[in-house]
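Engineer: One letter stands for each residue in the lines below.
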Amino acid sequence: MSNIVVGISDLNIGKGSDVLVTYALGSCIGICIVDPVTKVGGLSHIMLPSSTLNPQGNINPMRFADTAIPMLLRKMEAAGALRIRMKAKIAGGAQMFSAIGNGSLANIGARNVEAVKSALAKERIPIIAEDTGKNYGRTVHFSPGDGVMHIVSANKGKWDW
Amino acid sequence: MGIKDYSDLNDIHMDVLRELGNIGSGNAATSLSSMLAKTVDISVPKISVLDYGQVAEQLGGPEMMCVGLMLSLSGDVEGMLMFLLQKDFTHLVLNALLGESLQDFSEINEMGLSAIKEIANIMAASYVNAISSMTGLAINITVPDICIDMVGAILSVPAIHYANISDQIIYIEDEFHSMEENLTSHILMIPDVNSLGKIMTNLGIEI
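Chains as they are written, first to last, in my numbering: chain A, 1 to 161; chain B, 1 to 207.
By construction, these hints were calculated from the structure, which means they are not laboratory data. A hint or two may mislead.
[Said to hold, decoys possible] Restricting the straight-line Cα-Cα distance to at most 20 Å, the calculated cross-link-like pairs of lysine to aspartate or glutamate (EDC-like) are:
#	chain 1	residue 1	chain 2	residue 2
1	A	156	B	104
2	A	75	B	11
3	B	46	B	192
4	A	134	A	160
5	A	156	B	192
Isolated chain A (complex conformation) (with noise of 0.2 Å):
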């Protein structure tokens, strides 16, 4: 097994017994698919709902909902899984600071968790579990081989989903 880091705005996938991390979600969303027959798994950080955010196109397509869910599903498929069988598990989309009136942020993790359900829904894949919202920072553990989201917060303990 080996611990597979996914950085911001970046997926990657393992299998069987590899375990794929992402730290520190704050608001944007960690998002973990498996195929539990060949046991193929990926993980994608996002940080922004939409590529029409940036008209200029010439940012990494890995950091918006739209455009990195469909590329993780590709690489995963690519690896040997199916579609029809994918279950998907959603992390983070927090509000870290209470009060931010600024437009661009208010609520950009609400709108984040909303870009993934609908990109998710696109691509007919169910989410199975979700731990979104709420105000604290999370980690995700995800393993392709038990399909087990492992989070864990600073200020609140750790749990599976």
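Based on these hints, arrange chain B on the given structure of chain A.
Structural biologist: Below, chain B alone, put in the same frame as chain A:
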């Protein structure tokens, strides 16, 4: 010409920003020092244009716990000011102000949070005033918003704000130390790209 992207900044611009950080943090350190009745030193500010993941690495790793305070800048200069206080530093502040000792972040109560916010408020005002009087630009600040969490999660807030503009953020990083105990905390000033041009023009620097 003009500054449209952080990569348009040359060495002279970087020096100017470093000097602004120096003056701002010098002023902030003085006010901190008088509030705590302790000597507070600052080191020469670092100016970096970095991916935000690297910023978290530089500040001790994404999962390190700290107190984060965020203020927005508006007026002639737009952007953000963030304070990242490590545990020892937070302890020093609470101890000096309220006589409390702090073993763990979970022990901070409402009174403590409010005291930390007030410190940030005063330091931010002195920081921004110094920059304002040097550049002749009017800068307003909001009251600070506070959270105690992993540094990576806290930094995701400015990172997301700038993510649709650029892959990178520029930040002016000041380190504070208290003489007796060598404790560190950071102030990050994150100016918007558009404001950089104004700062330079007002200081008579070619852009």
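Engineer: Against each hint, give a clear statement of whether it holds in the structure.
Structural biologist: These are the hints, each one checked on the structure:
1. Using a Cα cut-off of 20 Å, the hinted pair residue 156 of chain A and residue 104 of chain B holds, with the two alpha carbons roughly 13 Å apart.
2. Note on residue 75 of chain A and residue 11 of chain B: the hinted pairing is violated, with a Cα-Cα distance of about 42 Å set against a maximum of 20 Å.
3. A C-alpha spacing of about 17 Å is found between residue 46 of chain B and residue 192 of chain B, which places the hinted pair at or below 20 Å, so the restraint holds.
4. Taking the CA atoms of residue 134 of chain A and residue 160 of chain A, the gap is near 17 Å; set against the 20 Å cutoff, the hint holds.
5. Of the supplied pair hints, the one linking residue 156 of chain A and residue 192 of chain B is violated, its CA atoms being roughly 34 Å apart against a limit of 20 Å.
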